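In order, the protein sequences belong to chains A and B.
Residue numbers for the first sequence follow the working numbering, beginning at 1 and rising by one.
Residue numbers for the second sequence follow the working numbering, beginning at 1 and rising by one.
These are calculated hints, taken from the structure and not from any lab test.
On a predicted model such as this, the values are computed, not experimentally measured, just so you know.
Don't take every hint at face value.
[Stated by the list, open to error] To give an idea of the chain B side of the interface with chain A (calculated C-beta under 10 Å), a few residues: (1) F183; (2) L185; (3) G245; (4) R260.
[As the list claims (entries may be wrong)] Each computed DSBU-like pair below joins lysine-lysine, with the alpha-carbon atoms no more than 35 Å apart: (5) A:K122 <-> B:K53; (6) A:K448 <-> B:K170; (7) A:K22 <-> B:K39; (8) B:K221 <-> A:K652; (9) A:K652 <-> B:K170; (10) B:K85 <-> A:K448; (11) B:K85 <-> A:K452; (12) A:K452 <-> B:K221; (13) B:K26 <-> A:K122; (14) B:K55 <-> B:K194; (15) A:K448 <-> B:K221; (16) A:K50 <-> B:K39; (17) A:K652 <-> B:K86.
Cβ coordinates follow ideal geometry from the N, Cα and C atoms, glycine included.
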Amino acid sequence: MGVEGIGARVVRKEDKRFITGKGRYVDDIKLLGMTHAHFIRSPHAHAKVKGIDSSAALKMPGVVAVLTGQQLVDDKVGNLICGWAITSKDGSPMKMGAWPAMAPETVRFVGQAVAVVIADSKNLARDAAEAVVVDYEELPAVADMHAAIKAGAPQLHPEAPGNQVYDWVIGDEGAVSAAFSKAANVVKLDVTNNRLAPNAMEPRAAIADYDAAEEHFTLYTTSQNPHVARLVLSAFYNIAPEHKLRVIAPDVGGGFGSKIFIYPEEMVALWASKKVGRPVKWTGDRTEAFLTDAHGRDHVTHAEMAFDANNKIVGLKVKTYANFGAYMSLFSSSVPTYLYATLLSGQYNIPAIHAEVIGVYTNTTPVDAYRGAGRPEASYLIERLMETAARQLKVDPAALRRANFITQFPHQTPVIMAYDTGDFNASLDAAMKAIDYAGFAARKAQAKSQGKLRGIGVSCYIEACGIAPSKAVGSLGAGVGLWESAEVRVNPVGTIEILTGSHSHGQGHETTFCQLVADRLGVPISQVSIVHGDTDKVQFGMGTYGSRSAAVGLTAILKAMEKMESKARKIAAHALEASEADIVIENGEFKVTGTDKAIAFPMVALAAYTAHNLPDGMEPGLKESAFYDPSNFTFPAGTYICELEVDPGTGKTSFVNFVAADDFGRLINPMIVEGQVHGGLVQGIGQALLEHAIYDANGQPVTASFMDYAMPRADDVPSFNLSHTTTLCPGNPLGIKGCGEAGAIGASAAVINAITDAIGKNNLEMPATPDRVWRTINAA
Amino acid sequence: MYQTTYHRASSVDEAASLFGKSSEAKFLAGGQTLLPVMKQRLAAPTDVIDLGKIKDMIGVEASGDTLTIKAATPHYDVATSDAAKKAIPALAYLASLIGDPAVRYRGTIGGSIANNDPAADYPAGLLALGATVKTNKRSIAADDFFKGLFTTALEDGEIITAVSFPVPAKAGYAKMRHPASRFALTAVFVAQTKSGEIRVAATGASQSGVMRVGVIEAALKANWSPSALDSVNIPASGLLADIHGTAEYRANLVKVMAQRAVAAAG
Numbered sequence: 001m002g003v004e005g006i007g008a009r010v011v012r013k014e015d016k017r018f019i020t021g022k023g024r025y026v027d028d029i030k031l032l033g034m035t036h037a038h039f040i041r042s043p044h045a046h047a048k049v050k051g052i053d054s055s056a057a058l059k060m061p062g063v064v065a066v067l068t069g070q071q072l073v074d075d076k077v078g079n080l081i082c083g084w085a086i087t088s089k090d091g092s093p094m095k096m097g098a099w100p101a102m103a104p105e106t107v108r109f110v111g112q113a114v115a116v117v118i119a120d121s122k123n124l125a126r127d128a129a130e131a132v133v134v135d136y137e138e139l140p141a142v143a144d145m146h147a148a149i150k151a152g153a154p155q156l157h158p159e160a161p162g163n164q165v166y167d168w169v170i171g172d173e174g175a176v177s178a179a180f181s182k183a184a185n186v187v188k189l190d191v192t193n194n195r196l197a198p199n200a201m202e203p204r205a206a207i208a209d210y211d212a213a214e215e216h217f218t219l220y221t222t223s224q225n226p227h228v229a230r231l232v233l234s235a236f237y238n239i240a241p242e243h244k245l246r247v248i249a250p251d252v253g254g255g256f257g258s259k260i261f262i263y264p265e266e267m268v269a270l271w272a273s274k275k276v277g278r279p280v281k282w283t284g285d286r287t288e289a290f291l292t293d294a295h296g297r298d299h300v301t302h303a304e305m306a307f308d309a310n311n312k313i314v315g316l317k318v319k320t321y322a323n324f325g326a327y328m329s330l331f332s333s334s335v336p337t338y339l340y341a342t343l344l345s346g347q348y349n350i351p352a353i354h355a356e357v358i359g360v361y362t363n364t365t366p367v368d369a370y371r372g373a374g375r376p377e378a379s380y381l382i383e384r385l386m387e388t389a390a391r392q393l394k395v396d397p398a399a400l401r402r403a404n405f406i407t408q409f410p411h412q413t414p415v416i417m418a419y420d421t422g423d424f425n426a427s428l429d430a431a432m433k434a435i436d437y438a439g440f441a442a443r444k445a446q447a448k449s450q451g452k453l454r455g456i457g458v459s460c461y462i463e464a465c466g467i468a469p470s471k472a473v474g475s476l477g478a479g480v481g482l483w484e485s486a487e488v489r490v491n492p493v494g495t496i497e498i499l500t501g502s503h504s505h506g507q508g509h510e511t512t513f514c515q516l517v518a519d520r521l522g523v524p525i526s527q528v529s530i531v532h533g534d535t536d537k538v539q540f541g542m543g544t545y546g547s548r549s550a551a552v553g554l555t556a557i558l559k560a561m562e563k564m565e566s567k568a569r570k571i572a573a574h575a576l577e578a579s580e581a582d583i584v585i586e587n588g589e590f591k592v593t594g595t596d597k598a599i600a601f602p603m604v605a606l607a608a609y610t611a612h613n614l615p616d617g618m619e620p621g622l623k624e625s626a627f628y629d630p631s632n633f634t635f636p637a638g639t640y641i642c643e644l645e646v647d648p649g650t651g652k653t654s655f656v657n658f659v660a661a662d663d664f665g666r667l668i669n670p671m672i673v674e675g676q677v678h679g680g681l682v683q684g685i686g687q688a689l690l691e692h693a694i695y696d697a698n699g700q701p702v703t704a705s706f707m708d709y710a711m712p713r714a715d716d717v718p719s720f721n722l723s724h725t726t727t728l729c730p731g732n733p734l735g736i737k738g739c740g741e742a743g744a745i746g747a748s749a750a751v752i753n754a755i756t757d758a759i760g761k762n763n764l765e766m767p768a769t770p771d772r773v774w775r776t777i778n779a780a
Numbered sequence: 001m002y003q004t005t006y007h008r009a010s011s012v013d014e015a016a017s018l019f020g021k022s023s024e025a026k027f028l029a030g031g032q033t034l035l036p037v038m039k040q041r042l043a044a045p046t047d048v049i050d051l052g053k054i055k056d057m058i059g060v061e062a063s064g065d066t067l068t069i070k071a072a073t074p075h076y077d078v079a080t081s082d083a084a085k086k087a088i089p090a091l092a093y094l095a096s097l098i099g100d101p102a103v104r105y106r107g108t109i110g111g112s113i114a115n116n117d118p119a120a121d122y123p124a125g126l127l128a129l130g131a132t133v134k135t136n137k138r139s140i141a142a143d144d145f146f147k148g149l150f151t152t153a154l155e156d157g158e159i160i161t162a163v164s165f166p167v168p169a170k171a172g173y174a175k176m177r178h179p180a181s182r183f184a185l186t187a188v189f190v191a192q193t194k195s196g197e198i199r200v201a202a203t204g205a206s207q208s209g210v211m212r213v214g215v216i217e218a219a220l221k222a223n224w225s226p227s228a229l230d231s232v233n234i235p236a237s238g239l240l241a242d243i244h245g246t247a248e249y250r251a252n253l254v255k256v257m258a259q260r261a262v263a264a265a266g
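Hey, can you work out the whole structure from these sequences and the hints?
As structure tokens, then:
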């Protein structure tokens with residue numbers, strides 16, 4: 001593998017600038033003549049906007065403009081879109097209300113923008129915003145999903161009667177009914193998957209710069225996918241055609257999905273920049289992040305699992321209500337459907353599955369993909385069900401799982417997915433060994449003697465990553481293809497620039513992508529640079545989400561590398577007067593196999609550009625590109641086991657041990673993979689124990705700051721014990737499955753299974769706060 | 001933040017004088033509450049007078065049976081002070097649990113008790129230990145100082161200069177941290193004075209702010225041990241309730257934290 005090749009624990013190249021404060025984020029960028037935007041946001045969850053009086057604000061010094069939602073309508077700026085069409089079980093398309101970037105008539109969640117002040121400074125804009133008088137007529141609001149679908153509930157959108165977006169089904173209902181009718185045992189469970197606020201470290205920001213002479217816009221924005229942003233802004237919002245819009249996503253401080261979507265603020269900044277003739281900057285603060293970044297999860301589910309007399313699963317039926325908030329965000333519709341219900345088979349042979357998903361509007365912040373996006377909800381449900389079943393059937397939870405594991409691959413589930421490979425027994429074995437599962441009973445007894453309730457919880461997750469292929473997702477309603485592109489540019493001196501459509505906002509692409517090049521050519525990674533995040537530099541890209549950068553993005557780079565190497569080989573063979581078939585690449589040299597004849601890679605590059613001595617008919621230069629569309633999803637899987645103690649006096653949970661045995665296929669940089677797993681596990685534990693975005697009955701957010709919304713801190717989580725069992729993904733040449741979301745997908749069930757084991761009561765919702773655990777322990 | 005004028009006072013007298021000249025001044029004593037509130041535009045003082053650099057207001061001193069913490073001493077300094085750890089280890093421990101490291105480096109005892117947040121740590125320590133609050137005008141017993149939520153006996157412009165604590169025979173502190181803010185979800189400070197008086201104060205629990213807990217004091221007076229509280233019943237009425245803890249849960253925590261504080265006190 002070489003010291004910097006695939007599999008090496010190379011220290012991250014990008015960290016020098018991040019940890020020395022030299023990262024360049026959107027808010028660090030200052031343009032000449034730049035103005036600052038401050039949005040005026042609704043304090044009401046549901047209200048009519050009867051009038052906006054900005055006359056006093058406009059008289060204040062330094063105020064450039066106050067722009068309203070009505071002006072967006074007048075200028076024919078498009079509404080925000082939802083990019084994945086879902087069809088209800090009755091054949092009707094999903095029912096969506098319009099989402100204007102600023103509300104001209106009706107606001108439907110606290111924080112929705114109604115106007116924007118543009119001023120010479122951020123503070124002046126904020127001062128002036130206080131002088132703008134918005135006349136609201138409050139309307140009845142509904143924040144709770146079950147309240148929203150009741151007759152007589154306040155209605156959000158006339159297009160969606162009963163606040164229902166869709167009623168979607170998957171699977172064979174008849175087969176499930178037949179299975180249940182013959183079942184020896186049926187296990188039932190109601191679970192809530194709590195709403196989360198994503199809270200990337202860097203709040204969202206945008207700078208729009210309109211050049212009137214060129215009729216050209218530049219947008220600097222906190223995006224996980226700048227090309228998709230440009231595509232949507234051009235194709236749907238009537239901002240500018242693609243060749244007149246450059247989107248740059250520079251260093252971005254975390255996304256977790258929340259920066260996939262196109263938000264009102266960047267649209268308004270672009271439009272406003274043209275209107276005021278100056279650059280417009282908006283930098284969100286943490287409160288705005290809580291109010292307007294798309295939230296995650298928020299499902300309420302009833303599920304039943306049927307077993308035969310041998311404890312084999314024979315059927316699964318699921319009914320889920322998914323809260324979408326007040327508007328359908330960009331990929332929201334796909335999250336509780338194709339990213340959720342398609343994973344309901346878990347790691348198990350389940351011959352019959354039927355799921356129904358009802359999407360609901362409420363007067364809350366829109367909900368969309370958040371680390372794992374649908375798969376954490378599926379995994380949590382299945383793994384809580386398996387644990388519940390083990391308790392009900394009085395069998396060991398690990399043994400019940402093992403008895404139902406899929407062991408033959410490929411495996412077609414009843415819910416679309418065809419698992420390509422895996423070894424679920426191997427990861428379960430590794431995790432059980434790491435935590436000394438066999439010795440748990442003795443440890444539990446020991447803890448009991450000290451007044452502590454000790455529990456152990458297993459979670460065997462599977463997920464689908466590298467979301468693809470384009471043809472398949474298109475057939476399911478996706479509005480885009482899900483391939484990736486790459487370009488390899490070799491400079492005349494032999495240094496290499498990799499242009500990628502993937503976008504790094506914490507993942508470490510500047511290191512891992514270089515490692516592929518180092519692995520293939522034997523050149524040091526210092527001679528390779530990664531270019532990403534700028535639509536003027538990279539031709540196109542689908543961006544980074546769904547753990548797709550390595551499986552899809554890196555494979556695109558591999559394809560481009562192969563093309564480049566093929567040409568370089570020809571040049572080397574010509575220079576060395578050898579047969580192309582005899583050229584091997586080693587340690588930065590092109591060698592004639594079995595001889596001492598060699599030419600260094602920089603000399604090959606130089607030959608390509610001097611073009612003095614190229615094979616007949618060959619074009620000068622050394623640059624190749626590729627588009628890669630995978631053949632299938634990838635299926636990372638693994639087992640997490642959590643051992644913890646509950647303090648019966650306070651209900652507080654303390655971790656004893658947390659082991660993770662993951663199968664991610666090939667690892668490019670195990671250190672970075674471990675970092676990804678650590679982060680994911682912490683987010684999963686955060687969901688299980690701490691995090692909950694709460695609204696009161698009137699739609700007022702209760703948790704809009706870190707004083708109330710509990711983010712996990714370092715001392716809330718244990719040191720993790722990680723290991724890997726590997727089956728290579730057959731779907732891509734590098735054998736990669738993806739590692740970005742697994743922790744967040746698998747961790748929460750392990751934690752709740754462990755707490756419920758400790759306290760001896762099965763029903764416990766997330767987050768399992770000390771108060772909730774204590775009340776559960778003491779409930780009659 | 002609205003525009004404001006920042007003053008760095010070099011003496012208590014200068015700080016008081018600056019306050020007198022301003023139409024709407026606020027003292028800055030660490031700023032762990034004031035600055036976030038100003039950033040949110042919920043407070044708009046015309047002048048901010050920083051007490052944090054007044055040399056006479058920083059330091060921890062033990063003398064005889066008294067531990068004195070000057071008002072602008074940051075929590076971190078108290079938590080790590082040899083004098084505090086020797087004289088009243090439970091108080092140094094309390095300081096080590098406040099907020100997070102950033103808060104402990106900036107926040108001060110004077111700022112904490114002047115603000116009198118109902119879930120702050122220090123008020124419980126002052127009340128249970130029977131401390132005396134020294135100001136630039138007078139001395140105020142802790143029993144008279146805390147007047148309910150965010151309210152104290154301080155007069156407008158009065159500056160806390162120090163807090164003196166009688167060294168107790170025994171003392172202990174136990175805190176259940178609020179998972180988000182790391183204030184006290186509920187915390188209890190127990191003390192047995194050298195004259196044998198039992199004083200117990202709970203913070204984070206009551207709707208009226210820091211409070212003495214008479215039933216626990218009585219039980220401990222009879223029998224200074226955690227088990228003495230097994231049958232004590234703390235009513236939930238009048239206790240705080242929010243998304244992180246019901247009133248019943250806080251009532252339970254008052255008892256459980258008191259038991260653990262007694263165990264820690266020895």
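Quick one, is the L185 of chain B hint okay against chain A at 10 Å, beta carbons?
holds (8 Å)
35 Å Cα cutoff - pair K448 of chain A, K221 of chain B:
holds (31 Å)
Would the pair K448 of chain A and K170 of chain B pass a check requiring their Cα atoms to be no farther apart than 35 Å?
holds (30 Å)
Between K22 of chain A and K39 of chain B, does the CA-CA distance stay at or below 35 Å?
Within the cut-off at roughly 26 Å; holds.
For the pair we were handed, K221 of chain B and K652 of chain A, check the Cα-Cα distance against 35 Å.
At roughly 29 Å apart (the allowed maximum being 35 Å), K652 of chain A and K221 of chain B satisfy the hint.
How about R260 of chain B: closest beta carbon in chain A under 10 Å, or not?
With a closest approach of 8 Å, the R260 of chain B hint holds.
Has the given pair, K55 of chain B with K194 of chain B, been kept, meaning a C-alpha gap of at most 35 Å?
holds (32 Å)
Hinted pair K452 of chain A and K221 of chain B, Cα distance within 35 Å:
The hint holds at about 29 Å.
Holds or violated: K26 of chain B with K122 of chain A, Cα cutoff 35 Å?
OK: K26 of chain B and K122 of chain A at ~24 Å, within 35 Å.
Next pair to validate is K652 of chain A with K170 of chain B; report whether the Cα-Cα distance is within 35 Å.
Judged against 35 Å, a Cα distance of about 27 Å means the pair holds.
Assess, step by step, whether the Cα of K122 of chain A is no farther than 35 Å from the Cα of K53 of chain B, and give holds or violated.
holds (31 Å)
A closest beta-carbon separation below 10 Å is what the hint needs, so does G245 of chain B meet it against chain A?
Because about 5 Å separates G245 of chain B from the closest Cβ in chain A, which is inside the 10 Å limit, the hint holds.
Checked against the numbered hints above, the structure breaks none of them.
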